[in-house]
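Peer 1: One letter stands for each residue in the lines below.
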Amino acid sequence: MRFTFAGAEYEGREGETLAAALVRHGILGGFRSVERGRPRGVYSAHEEEPNALVQVGAEPMLRATLVELRDGLVAEPLAGKGRLVAAPAPRCESMHAHCEVLVVGGGASGRAAAAAARGRVILLEQGRCAPLDGVLVLDRTVALGLYERDWVLAVERGRRLWKIRARRVVLATGAIERPPLFPGNDAPGVMLASAYEAYGRPAGATPVSGGFSPRVHLWSQAGGRLRWDERIGAPVPDGELPGVECVGRVTGAGLPDAPPFALPEGDEDEVFVDLERDVTLADLRRAVGAGLRSLEHLKRYTTIGTGSDQGKTANVNAIRAAAELLGVHPGELGTTTFRPPYVPVSFVVVAGRERGPLFDPVRTTPMHPWHVAHGAVFEDVGQWRRPRFYPRDGEDMEAAVLRECAAAREHVAIQDVSTLGKIDVQGPDALEFLNRIYTNAYDSLEVGRCRYGVMCTADGMMLDDGVVMRVGERRYVCTTTTGNAARVLDWMEEWRQTEWPELRVWLTSVTEQWAVAAVVGPDARELLAPLTRVPLDAGSFPFMAIREGEVAGIPARVCRVSFSGELAFEVWVDGRRGLELWEALASAGDATPYGTEAMHVLRAEKAYPIVGQETDGTVTPHDLGMEWVISKTKRDFVGKRSLARPDTSRADRKQLVALLPVNPDALLREGSQIVAAPNERASQGHVTSSYRSAALGRTFALALVAAGRSRYGEVVYAVPPRGEPVPAEIVEAVVYDKEGSRRDGRPAA
Amino acid sequence: MLRIPCPWCGDRDEVEFAYGGEADLAYPGDPAALTDEEWAAYLFFRDNPKGLLRERWVHAHGCRRWFELERDTVTHAIHVRGR
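One line per chain: the protein sequences are A and B, in this order.
Using the numbering used here, you'd call the opening residue of the first sequence number 3 and step up by one each time.
Using the numbering used here, you'd call the opening residue of the second sequence number 44 and step up by one each time.
No lab work stands behind these hints, which were simulated from the structure alone.
For each residue, glycine too, the CB sits at the ideal point set by N, CA and C.
Interface residues of chain A toward chain B, partial, derived using beta-carbon atoms under 8 Å:
1. Tyr149
2. Glu150
3. Asp152
4. Arg167
5. Gln499
6. Asp638
7. Arg643
8. Arg647
So the derived label-pair ranges between C-beta atoms look like this:
9. B:His122 to A:Lys165: 17 to 27 Å
10. B:Gly94 to A:Glu16: 48 to 58 Å
11. A:Lys165 to B:Cys52: 16 to 26 Å
12. A:Arg162 to B:Gly105: 19 to 29 Å
13. B:Gly94 to A:Ala353: 29 to 39 Å
14. B:Asn91 to A:Arg724: 36 to 46 Å
15. A:Ala88 to B:Asp115: 41 to 51 Å
16. B:Cys52 to A:Gly699: 51 to 61 Å
17. B:Gly53 to A:Pro532: 55 to 65 Å
18. A:Glu78 to B:Gly94: 44 to 54 Å
19. B:Ala84 to A:Gly555: 53 to 63 Å
Take these sequences, add in the hints, and give me the full structure.
Peer 2: As structure tokens, this is what we get:
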């Protein structure tokens, strides 16, 4: 087996670590320290290694003591800092396991504990480990953390994450040797006596020992107390933790007496307390001289213990030295906090398989294949992938959106709105439930009609909006904002279960059971008429009415709702027939398919807010100019009491207005802050939406502006994150068809 | 990760649940009768004890039922109240 280190090739042996092979080849140096660039060499034989950091391929900051040799391995020494390499990350995975007893540490006491345990037993060992009858032995596996006393995360060979739930955890984690403090204790060739033994007493190496410190990390992470053990000169586990037990050297038992501790003679700037961080005794003395008394402060001031080794060989020496410098007993200083992960862990291991396409589910509508086939450009809306626009040859987004908007305003256009959240609400108390959860009242809503509704959080801020359709005596279907469907259902369930358990009402998500197409524009009737026998004229099918029938031979529910101000029909069909419906609509006449971008422009021209764009959790329906959606007659609804606070009726609250840039071609940046004059710094609000309007032949924006509704005609300035303030006039929020004359179709000429 | 005893489904990992904050804060019978201060106290003010706390949880990725339990905020020991 051959491997390469720092450009030179060496022979390696099966089962050997990189550190062991280097030492065997007489390489006692080969590394540099991070701050001072001092020559360093392999110092230890395990995970506590402060010096021998390497990069292997794309993976930085690996400890040579944990890197297992394989043929062709190429390792580069690192001076304490990794380097990111763009390369495909290795595939990692995670495993879940449950057991009666989990033993951490495969030394003599760990193996004895595992052998004596009953039931399912798992043994973790960071090095190599022989099998054990009836025990799942995971070797080359390091426990990263012990949480809530029964949940252990561990990483196997740097690639597989184990999540283990154990009834009982036995910590047989042993002890780490610490270096003695003397000038030059970092010189290449100086190594811990335990490493010297592990590497077979290599020629030229100098074994040193400052005593042993128990690996109390997991114990402490889980909430276990520590006490200072005078004999070994280190903290040991103290007291009890239900379900967690320490055995062997981690308790201090069997460890040799610590050598007497004294501050060394000589140049303290050559005495290294933390090798990985390059912190010396002189640094520590300076920190104490600066008046720092607590370990946590000394750590932050000197950076002792903050390296990627988390001070495994440094922290106890730091306690002992600081105690000497401060003239106190080390036990009085306590320890710094032990936090997981115990060893560094790659993000790819944490991510496991949940990356790329598996990171988050992608939801598509039944019509999706048609959108793909017709060249739609998509955008992600929550988990949904929605067509943003459909460019025709050579069009950019701006040109496509202007064309799609014009088609909806002047002729007919169709949009796939299947992603709307849909919640089926039924039961004898469904009406009462809706009256409590929405701000407006539903008592007068008849079967076969629908009504726009708004819900607020209890603090009176807008949570969501949508349409409530009454489809039966005791049955309603509520639509929600696409990205908010799950949250709204959770919200409704919470109130139903926790505050109103007396209501007989049931909530069901039916978002994916329905496919919905919006047919929009003055010629919408002409497009639909050949496909259905449902009478479409305004007299027999008024605004906000619902009709059942067939469209293109598919049983359908047709609703006259509009998110554009134009005459529009929403056609709801069984989700499984959505594509069939869409293909029929797309080929029936010359309807223009349009995407979310045109939808945004059309609704903004009518000042229909989008939750999460015009609202941000501090916006009330009043702020949006929607007083009419707040019932004055209902005794209560969620948010009512908050809307009665003086603060929600302040005249200087930020209110929704439109902005017309003075230069009709200037497009404001969404998020720009509004100021009264170009050199003003006090923000009076911000731009929430900004578009080019085909109908107006110019740009426009929506904005929340302090006291905006009393400032029509005033010119303010929109300041983008970078760039010059842009002047714009405040106007009424609705910039197109203020009279609502287009709702029933093309107005008579 | 906590192991939370759902009264309907049994012991499950914390990732299956969503937290609902302090329990036993009933919605006021007549919100309109409250002063702004009283209403704000209901909406926003919560105990933050070191020790036992009654709290609400929902088995969001399971049975979707809300329930209450008592948790020691120091040790994370959990005691379930009846459903």
